[in-house]
Amino acid sequence: MTANSDFDIVLTYRRILNDDPELTMPVAAIEALVEAIAQSSVSTVAETLDLLERHTAALKASIANPISLSAGTDLFQRYLITTLNRPASLNLGPDDDFRAIRNHLLSNGKLFVERAKQSREKIASFGKHFIRDGATVLTNGGSRVVGALLRRAAESSTIRFRVVYVVPSSRSSDANEGDQTVSDLRAHNVPVATISNSAVAYSLGKVDMVIVGAEGVVENGGIISRMGTYQMGLLAKSKGKPFYVVAESHKFVRLYPLSQFDLPIEQKVLDFKVTDDPKTSKSDGKDAVDEGIADMTLKHASTGLNAQDAVDFTPPDLISGIITESGVLTPSAVSEELIKIWF
Amino acid sequence: MAQSTVIQAPGLSTFLKSLKTTPVDPSVEHLISLLKRRQIRNSRPCAIATTALLLRVVGEFKGRDAAKLVERIRQVGRRLTSAQPREVVVGNIVRRVLGLVREVVDENADGQTPTGSEAPTPVPQHDSLHRPTLASSMSTFSPLKHAAAEPMHVGVYDGNMSDSGELSRRPPLLTSHTSYAPPSAGPLVNSLFGLFSQPIDTPSATSTPSGAQSPNGKTTFTQQNLERLGELSRGQTSLDLKGEVMEGIRELQDELETSDKQIAEVALEHIHANEIILTHTASTTVQKFLMYAARKRKFTVVHAETYPHDHTATHGVLLTGKKRESHADEDDEDDKWKPLTEAGIQVYVIPDSHVFAIMSRVNKVILATHTVLANGSLVAAAGAHMIAKAAKEHQTPVVVLSGVYKLSPVYPFDIDELIEHGDAGGVVPYEDGDFVDKVDVENPLYDYVPADLVDLYITNLGGHAPSYLYRIVADHYRSEDITL
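Sequence order for the protein chains is A and B. If you're matching positions, the first sequence starts at 0 in numbering that gives the first Met the number 0 and goes up one per residue. If you're matching positions, the second sequence starts at 0 in numbering that gives the first Met the number 0 and goes up one per residue.
Be a bit skeptical, because a hint or two may be false.
[As the list claims (entries may be wrong)] Here are the in silico distance ranges between beta carbons for each label pair:
1. 274/A with 416/B: 56 to 64 Å
2. 415/B with 342/A: 36 to 44 Å
3. 156/A with 443/B: 51 to 59 Å
4. 255/A with 264/B: 50 to 58 Å
5. 443/B with 60/A: 58 to 66 Å
6. 179/A with 357/B: 38 to 46 Å
7. 264/B with 37/A: 32 to 40 Å
8. 21/A with 418/B: 40 to 48 Å
9. 83/A with 451/B: 41 to 49 Å
10. 392/B with 44/A: 52 to 60 Å
11. 429/B with 239/A: 32 to 40 Å
12. 124/A with 414/B: 17 to 25 Å
13. 157/A with 443/B: 45 to 53 Å
14. 157/A with 414/B: 39 to 47 Å
Don't read these hints as lab results, they were simulated from the structure. Beta carbons are placed, not taken as given, at the ideal position from N, Cα and C, and that holds for glycine.
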């Protein structure tokens, strides 16, 4: 923000997320970065990369859970580096390579967003084959991709299926999204049962398959997703139910968590206390709609994610398949996709 | 009288013979009826029949429009697969051929200037291609009739096959369609960067030609390349689409022929001296694999007989080295068919029910398969799941042998759909009226074995972990062809 003091990447990011509730965090981050480049007057590659780096750092620092966001910023950065190294691959024209790429980015910013949304639709059309006639699907709330998939399946009238919906606790940031999906499905004549997280094991006997969304898909093929996904995975595995993850491929993130506590974010989940502790400030009664905004509205000194917005890590051996817009992948395919862009 | 000896039960060989003389459309009908009546069954015969038919289809295709050719192949493919959805191999072959067409087109789009190429305009042509051929085909249905009417064509097919084998040994300059993964041209399109790619995605714009393929690069001129160049310069639309595709199909046929051999060649790496190997059903792939190892090593084979649906064939393999039901004239030329016992291998036959009991002594399980699915699971002769499960229990490695042609891009959405049920008379003979009246008898032919029970797949490309199969699928099938 030294280069041009009037541009605030965080504000831009927040505005973009706010304007379009359909947007995911990585795509919003890419949008914000594109705008940053547009606002700036950089003219060389090194300058651009430097600018990106600064903005990315600012963005990451501003929200509590930057995993999903960093998938977008990393992807964007790698894309720039790769194309700047091999400008011919873009076929943008013989003249000034850098300017051509810059123009391409600036003029197609909206296109990226469109494409990101399309990929959700594409996933839905892939994924709806997984839902068979007479099946009962268990899902956990909040994911827009899962919502799109189920809605798509519901619209094709040939499949009759039922949904068991694990609703997030009402205080979590994306409870509304879940409610919306449930009422949509019910309107399409799909019987939906809503259960709490504690009833997952109980309901699993009636369930044929589990479909979850993800905030980030990490290098080893595991996923980072809302708290409770890991236990759903474990339970599904122990009951022999297929466990599918639905995620756009721009959520692939270069991260290799070894355990739950190896994530690069701070979470206030395990909060050990004794009785004579002073009352910790329970000040965050946030009711924002979107996960991204909720994460960054209140940011005081030692915050981590609260229990209801926390995430956990589901290791790859619990996952039967990852449904992306480029096809259905096994967890081991994720690393290959990442290697393709990083090395 | 002499003719009556020629008459065979309709099957693969009669179909291939009749294919020589029958026009394409009746041949399609013929194959459909054979598939429907299960007169051609199991992966390899289905694959061979489909490739031969598609070779004919492409050969008789008139016109130069790649999009029309794709649509034509698709249309035939759709009918074949709907005739017998459980023979997944048929669909695999159709997809491979479609991939060939696309590859030829793409390559040409790369080599030429984008203006001249017949870029695949994906406009499906629904006009004359979809003519209903059902009514006229009744007379041509009977394979018996063909076999009796054209006895002079017996040897033709063999000759053609060897010829094609020669052809496909041409220098692998332009493509490496069939077996080996084509180098991924245009990584930008396939990778995660898809989000950023150019708005107008012409294939010529995004996939970068690797230089060697461009007509200007004077480095890699071989005879064929020169020929091709000559054609290109003669007229811009003279891309020999048909020829290239047919060549590709012949390579595919060659792959079908040699895949068993290629798999067998790694046998020594997997079978060690004095091991006890457990296998089941009659599979030529497994048999060749074991025979290859038997040349050098002494080991013991425990063979589960797969009663009731496959035990005759299994016994036949053990006795003569060859499936009992298969026709004598099919593989006449090679006399490599010897039973394992002749190679000095000790073979025990056990009923399937003894598998668990004997598993503790088994060193390795080798399974044949019917189809391998994209997520690494497989469909194999009934009993396979139980064997794999027992092996898991005893931590015995399970190795699955499968040609790449059996590898399908299909996901096991519905497991029950994949499993075929056979003649219940095999379990309890129908003469036993009392029994059949009172008890329901089932005879499932296949088992679904989930991926986590398999340790290793050996294909003609080498050994792969089950979780890696998605990659091979991606290399062999175009994503636009996955739904036919």
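Against the structure, the hints:
1. 274/A with 416/B: 56 to 64 Å: 59 Å, holds
2. 415/B with 342/A: 36 to 44 Å: 43 Å, holds
3. 156/A with 443/B: 51 to 59 Å: 32 Å, violated
4. 255/A with 264/B: 50 to 58 Å: 37 Å, violated
5. 443/B with 60/A: 58 to 66 Å: 60 Å, holds
6. 179/A with 357/B: 38 to 46 Å: At 57 Å between Cβs, range violated.
7. 264/B with 37/A: 32 to 40 Å: 59 Å, violated
8. 21/A with 418/B: 40 to 48 Å: 41 Å, holds
9. 83/A with 451/B: 41 to 49 Å: Given a distance of about 43 Å, which is inside 41 to 49 Å, the answer is holds.
10. 392/B with 44/A: 52 to 60 Å: 59 Å, holds
11. 429/B with 239/A: 32 to 40 Å: 37 Å, holds
12. 124/A with 414/B: 17 to 25 Å: Holds - the Cβ-Cβ distance for residue 124/A and residue 414/B, about 22 Å, lies within 17 to 25 Å.
13. 157/A with 443/B: 45 to 53 Å: Once the Cβ atoms are compared, 27 Å apart, the range 45 to 53 Å for residue 443/B and residue 157/A is violated.
14. 157/A with 414/B: 39 to 47 Å: 20 Å, violated
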